[in-house]
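Student: Here is how the chains run, residue by residue.
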Amino acid sequence: MFRQLLYTQWKWSRLVLLIICLASFALPLLSVQGVRPDDLGRFDIEQMLAGIQTWGLLYPILAAAAALILAMTTWGPDHRGKHIYALSLPIPRWHYALLRFGAGCVLLAAPVVAVWLGALVASAATRLPAGLEAYPTILAMRFALAALVAYAAFFAISAGTNRTAGIVLGVIGGLVVVQMILLVADTNINLVGPFMLQLFVWPGPLEIFTGRWMLIDV
Amino acid sequence: MSRRLLCTALWLAACAAPAAAQTRAELSQRIARLTTAFARAETARLRADSAARARVTFDTIRAGPMRVLAARSIVRAVAPAVDSAWRALEATFGLSARIVGQETIAVQFWGQAEGNIPFDSPNTINLPAAPPTELVTRYVIQQGSRIVRQTEDTQLTSWLSPQFAPGGPALDRLDVVYVELATSPRSKARSCFVGDLVACRAALGLAGREDPVRAWYDAADRRAIVRRFGRLGGDVGRCQRDGPDEACEAALRLIPPEQLPRPLSPAAQLSLLQIVLDAGGPGAYDRLRSSAAAKHSIEERLALTARVASGDSLLSAWRAKVHAARPHTVEVSAGSAWAAVLWGVVLGFLALRSTRWR
Amino acid sequence: MFEHIDPRSPTPLYAQIAARLKLAVASGELRPGETLPSVRQLAARLRVNPATVVQAYRDLEGEGFVEMKQGAGTFVREVASDRRAVERGKQAVRLVRQMMQEAGQIGVTTHELTEAIRQELGAKVA
Amino acid sequence: MSHAVEIRDLHYRAGKTFEIRDLAVNVPTGSMYGFLGPNGSGKTTTIRLMLGLLRPIKGTITVLGGAVPRESPRILARTGYVPEQPHLYTSLTISEALAFHAAFYPTWDWKWANELLGQFQLRRDQGLARLSKGEMGKLEMLLALAQRPELLVLDEPTDGLDPVVRRDVLTALLDYVSQHNATVFISSHLIHELERICDWVGVMDRGRLVTELPMHSFKSGIKRLRVEHAPALPGDTPFVLLAREGGNGSLETWTVRGWQAPMRQYFEGVGASLREIVDLDLEEGFVELLRTFREPTIGA
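In order, the protein sequences belong to chains A, B, C and D.
The letter at position 195 of the first sequence is residue 197 when you use this note's numbering, and the numbering goes up by one with no holes.
The letter at position 290 of the second sequence is residue 286 when you use this note's numbering, and the numbering goes up by one with no holes.
The letter at position 3 of the third sequence is residue 6 when you use this note's numbering, and the numbering goes up by one with no holes.
The letter at position 91 of the fourth sequence is residue 133 when you use this note's numbering, and the numbering goes up by one with no holes.
What the hints contain is simulated information worked out from the structure, not anything from laboratory work.
Bear in mind that the values here come from a model prediction, so they are computed numbers and not experimental data.
Just so you know, not all the hints are guaranteed correct.
List time: in silico BS3-like cross-link candidates among lysine-lysine, alpha-carbon distance up to 27 Å [what the hints assert, rightly or not]:
| no. | chain 1 | residue 1 | chain 2 | residue 2 |
| --- | --- | --- | --- | --- |
| 1 | D | K100 | A | K84 |
| 2 | D | K58 | A | K84 |
| 3 | A | K84 | D | K175 |
| 4 | A | K84 | A | K13 |
| 5 | D | K175 | A | K13 |
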């Protein structure tokens, strides 16, 4: 049963998954282009680290994009068929959603492995000055965790009914509007600020995205 | 303090002028005339202040030998800060902390009832209205340690960074020092990082009388520093245009030695000092000050204070400690990893419960 | 054989099938001992509910025209010739009744009807 | 006689426009139950409620002995469903769709599936997106049959298909039913087809069940009578008078329900004479029934 669900999901997303895997493999290689001694034979390390850091911003974006696209291809066909087929299958609904989620995670492993391989190749291919080290596996693990969180979030949103999605967006919209009014009335009560902050601080879901996405660092 | 800044500004202005037209003698004549004029203005100001001060009431807060003047309305706020400041000074400087009693410190808050009091004390701290106690403490400590360190011997003072004060910045941040060592473009810092103790000695400025332009940098460093100057003629221009190393050296000599950028930041020196004081235990700073008479090099004095056999073992101990403090910048902490997995499961579970299925 | 099975007629399908089979047996179309098509084949060919075919076969068995052997299928039984004559008589009576009903609907009196029959029979006899 | 499907006072509302109120349906096990009703009468909704695809507000639904929606997974495993609109993943090929479907049904029969593939002349590697309406209809039936269900719920399986495809689909269905004693619940507008194969009839209109009878008693029960000198007020009649139209002169046409032969004496009793009894086939009976069900009859 799981194999068939995985097969259908793979068939729906294989093209875009290939593109994502290529991007995931290429990203680490691109990020280490700047790691070269300058004309004086010296390593301008601040410059290199800054370069790697700017490249590093693409990892979370790629993880989120991969997760979003996978979640959409997971639920796309079911949405179009108004879930009749899924409902007529003889397994409880939570079981079906669980299998879909599992299949998505398995497919998500492809870009993660691609990033890992890209990072391994990149770190093997560059001569590092003393003091700097490459962290391919940690980068891949961080990428995997970020992708997992993003996939779970998008999976839940696209599995939810338009009603729940509407409610969630309504709440967020309401908060922003209230925040605007508060700003206009120049009281310095800040509703959205701390809430947003909590998202990115430790127990928050998006904390994994805020780490240092650096293939090479001190 | 301000006099010193004035001199350096004049020096820089002088060097910037075309070197062929001005000899060194003319330059020093002009500076002497300016400083005498400045001194005459200073004495006039002091006489005016003392007349105004007589009319205003203020108190003296005492903590150990320390005497702090403050207007009556702010005494209640300043007193606790003075106590904790004195405790910090005593903890770091040991007996030498008593020197702080030689001068009075004045504290004023912005907008205090008595208005601005022209204290005659050279250590006047002007703070914003109702500052937090830690802020008052920090400023009082800084003034206190400045008084104590005024009487340090020139060898120690020239080596020790002016920022050194109890509870000062980056005293125990070895990881920051590690990052600096690992990523510094200066060759001496890099070879120190790799393990060359001689480079560490030069980078930390412990090499005694040597000529900094040659000792602190190699050719590439010198060129890199000069390149950061503006577009100038003479030696600077030639060095910038990949001229011989001598041009870069000449360019650097134009800058007074104490203004030259050290291979390692004060944070590195402070971390070394911290290790010395910790190793030396109570009264370490006193021993450091008293060892001035024995004509040792600064390195030997530090080793003596830290009760360590030789400078090299001190440096290698320091280097080992820095390496041990390597920050795990990139690692995914177990906490955030588990949080991510947990969020994955929770959000996934949300999808399972979704009411989409009606 | 089952061209004019009409699902829309009021008589139920199983009765129509049974009557048609009885006619076939009576008229000798189905020789004794022959096997009837299986329920599955007949239902598929006529596109009727298999239960209908089963019921038709059971009626015929009730009236002694066929014999259902478990697993081997349904066989036409040896029917005495007078039974067949009686059966043919019943069919004739049914046809006449149907004709009279249709005549009543279109206003033909019984006299005109018998006149037409005699004429038709006369033409055939002559 | 146990029922494969039992629905008791079912109440369901979708939005404000449409409502099913205290519906009761009983489908005898092993029967072929024809489910008639005009468009928009709630047939598809009833079927979805029956399969647990929708949740009723009130009412109990028991299918194959299990309570829907609590035990619907186990029930759906023994039920073949052909929806009104094709509901399969169109991005798959036929063999992929089969493999996917088979993975969910333990009673799946590959031999029978391949046999049907041959019968229906469906090519395995054809993409579902490019199937014609007929081929898709055949595939849906194939999927439903190949899982050897005990209950087949067919929502207008052959509507809109050409006669050849309809014939293939029906023969396959009958072929299956004759081998396994399965219950078939079929909703359709092709009344002649239902007349042919169904032995039970249920009629639904505007969310309520009009009647539920064996096919034979449904058809024989509805007659059109030519009556002469009919009394103005029929009084209490042994049958249900559905409609009454004045024909030419004194000849009237009555449409009745629940007619039995001995009811002739009623006419002698009221001084009328029953000129003729016209039999109605399922379609006419259905139309008459619905026509009168919507506007209350004159007499009643």
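Student: Evaluate each hint against the coordinates.
Tutor: Hints, one by one, checked against the model:
{"no.": "1", "hint": "D/K100 x A/K84", "result": "holds, 24 Å"}
{"no.": "2", "hint": "D/K58 x A/K84", "result": "holds, 21 Å"}
{"no.": "3", "hint": "A/K84 x D/K175", "result": "holds, 19 Å"}
{"no.": "4", "hint": "A/K84 x A/K13", "result": "holds, 20 Å"}
{"no.": "5", "hint": "D/K175 x A/K13", "result": "holds, 24 Å"}
Of the numbered hints given earlier, the model fails none.
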